[in-house]
Every structure is written in C-alpha cells, then in structure tokens.
Amino acid sequence: MAANRMVDVMGKVCPLPLITLAKEVRTMQKGQMMSIVGDDPIFEDSVIDFCREGGHELVDTQREGKKVTIMFQV
Amino acid sequence: MNKKGTILLLSGDLDKALAAFIIATGFAALGVEMKMWFMIFGHNCLKKRKRLFARRRTDPTREGLYRDLATDNILQPMVEMMNRGGAEHLPLSQLNLMGLGPVLFAKMLKKKNIPHLEELIHSADELGVKFYICQICCDALGLSVDDLIVPNVEIKGVSTYMKDTMDAHVNLVF
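Protein sequence lines correspond, in order, to chains A and B.
Everything in the first sequence is counted per the numbering used here, starting at 1 for the first residue and increasing by one.
Everything in the second sequence is counted per the numbering used here, starting at 75 for the first residue and increasing by one.
Next comes chain A alone, as it looks inside the complex (with noise of 0.2 angstroms):
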C-alpha cells in the first residue's frame, strides 16, 4: 500500500518526532495513509501511543536495524 504522506524524522529525539507527526497529521484527511521513518530508541513506542490516542489504525512496522518505518491509516 502507498502512502499519501511520507515524513522522515531520522535523528530527531522525543519529543520531535510527536510534534511533527501531529502537526502532519493536523493537514491530512481522514483514511489517508501516513508514512514516518526514525531512528529514535524510544521512537516505535512513541508513534504506537500516537495512534492510540488518536484513534489512528497501525498498518505495518519494518525495522532495519536502529531505523524503523511505520505506516498508520490517519
């Protein structure tokens, strides 16, 4: 499945990758799909509590090593 948004917080730390998520997900649409990739330790964690709170449905996690991709359905 293709992301409608792809967002890249590799290097940033917590709190970052929050803020940008939510602040990209602000300018999306319901059902769109979201795309971020970090390499933060506590990063995975970070975005799976983001989706609880919001209500946003986990599609697929890859994990390469310290970097890893997430995609959710906004």
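Calculated from the structure, these hints are not laboratory results.
Mixed in with the good hints there might be a few duds.
With a Cα cut of at most 25 angstroms, we get these calculated BS3-like pairs of lysine-lysine [said to hold, decoys possible]:
no., chain 1, residue 1, chain 2, residue 2
1, B, K186, A, K67
2, A, K66, B, K185
3, A, K12, B, K90
4, B, K90, B, K230
5, B, K78, A, K30
6, B, K204, B, K237
7, A, K12, B, K186
8, B, K185, A, K67
9, B, K184, A, K12
10, B, K184, B, K77
11, A, K23, A, K67
12, B, K122, B, K90
13, A, K12, B, K185
14, A, K23, B, K184
15, A, K30, B, K77
16, B, K230, A, K23
Mind docking chain B on chain A? Use the hints.
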C-alpha cells in the same frame, strides 16, 4: 470528553522549564488540551531578552488594563534589570557554575539533537498550548505582555486556575 492537563511553572530554572515544555508539547501532540500557567519567576522563559540598561517604555493604555501603574516605584525597573530572563539565558538549578553550566548544557542539547527551550516554546504555541500569566506577578514584577516571545498570553487570576485545574485530568507543578 477531551483529555485535559495543566502545568504550573513557578521556577525560573532552565532544567525545570525544559521539563515543563517537553511534557507540554508531548502531551499536546498526543491530543491532550494543555494549559500552562506561569507564576513568579516562571515567566522568565517567555521574556524577550533585553540589554542591561534598556529603556523600559510603559504604554498605560495597554499595560494599565492588567497592572496598577500608580503603585509602581523604583523596584519594578530594578527587578526588570536584575531579572532579564530570556529562554536561552536561564540558569540551571544544579551545576550552574556561575553561568558556565547553561552554556555547556546548551552544547550538550545541541550535540544530542534535543530541542532547546525557545524552540519548544514556539512548538507548544503552534500545537495550541495556551499560556496564562498570574496577574499579581505581572503587577509586582512590572511585566509587560508586549515583552514576551509568544503572542496570545492571557493575564488571569487564581479563579481561572482553579477552574482549569479542576477541569483537567492532571496538574503538574514545576
């Protein structure tokens, strides 16, 4: 019901202000409606840094709305001079080392890619965090709302704080 939270920042120390703003921005990003209250030296992080002997211009038409200018004396300009604030110029509560501590701390934050206080304040503002300053602190310390780095700061009293904290799920005090 929307989740709500309030933060009360009393301290003018960099570490406490940083913690308060990291929590505020994080919570706001997760959809919590955040309100931040600043009392006593807590508002130092919102102040625009001025020169040591900067002339203080008082606009009675604006400042008179939330301050009693008639009871001002020499102490207000003195406090203004001694307590200049500025988000990037706050002292640390530990290991301040006569002003060297915050410089090293800023270097450490930069190296670790952690945002500094001013960036976090602007992020909080963009995420819709609301800022409130205590009215009596404004009056006693001679603070002008026009001297702050963020617009939309409201001057309120303890009744509004009571209403907001009783409404909120969490209240943090730094």
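Structure-based check of each hint:
About 17 angstroms separates the Cα atoms of K186/B and K67/A, which keeps this hinted pair within 25 angstroms; it holds. Proximity of K66/A to K185/B is assessed by CA-CA distance (about 19 angstroms); at most 25 angstroms being required, the pair is judged to hold. For a cut-off of 25 angstroms, the pair hint linking K12/A to K90/B stands: about 21 angstroms separates their Cα positions. Among the hinted pairs, K90/B with K230/B is consistent with the structure: their alpha-carbon atoms are about 22 angstroms apart, no more than 25 angstroms.
For the hint pairing K78/B with K30/A, the CA-to-CA distance comes to about 23 angstroms; that is within 25 angstroms, so the pair holds. Using a Cα cut-off of 25 angstroms, the hinted pair K204/B and K237/B holds, with the two alpha carbons roughly 14 angstroms apart. Pair hint K12/A plus K186/B holds up; C-alpha atoms about 9 angstroms apart against a cutoff of 25 angstroms. Of the supplied pair hints, the one linking K185/B and K67/A holds, its CA atoms being roughly 20 angstroms apart against a limit of 25 angstroms.
Using a Cα cut-off of 25 angstroms, the hinted pair K184/B and K12/A holds, with the two alpha carbons roughly 11 angstroms apart. Distance check on the hinted pair: K184/B and K77/B sit about 32 angstroms apart at the alpha-carbon level, beyond 25 angstroms; violated. For the hint pairing K23/A with K67/A, the CA-to-CA distance comes to about 22 angstroms; that is within 25 angstroms, so the pair holds. In summary, the hint linking K122/B to K90/B is supported, as the alpha carbons are separated by about 19 angstroms, within the 25 angstroms threshold.
Using a Cα cut-off of 25 angstroms, the hinted pair K12/A and K185/B holds, with the two alpha carbons roughly 11 angstroms apart. With a C-alpha separation of about 23 angstroms, the suggested pairing of K23/A with K184/B holds against the 25 angstroms cut-off. Only pairs whose Cα atoms come within 25 angstroms are accepted, and K30/A paired with K77/B is accepted, the gap being roughly 21 angstroms. Simply put, K230/B and K23/A have alpha-carbon atoms about 29 angstroms apart, too far for the 25 angstroms limit, and the pair is violated.
The structure shown violates the earlier hints numbered 10 and 16.
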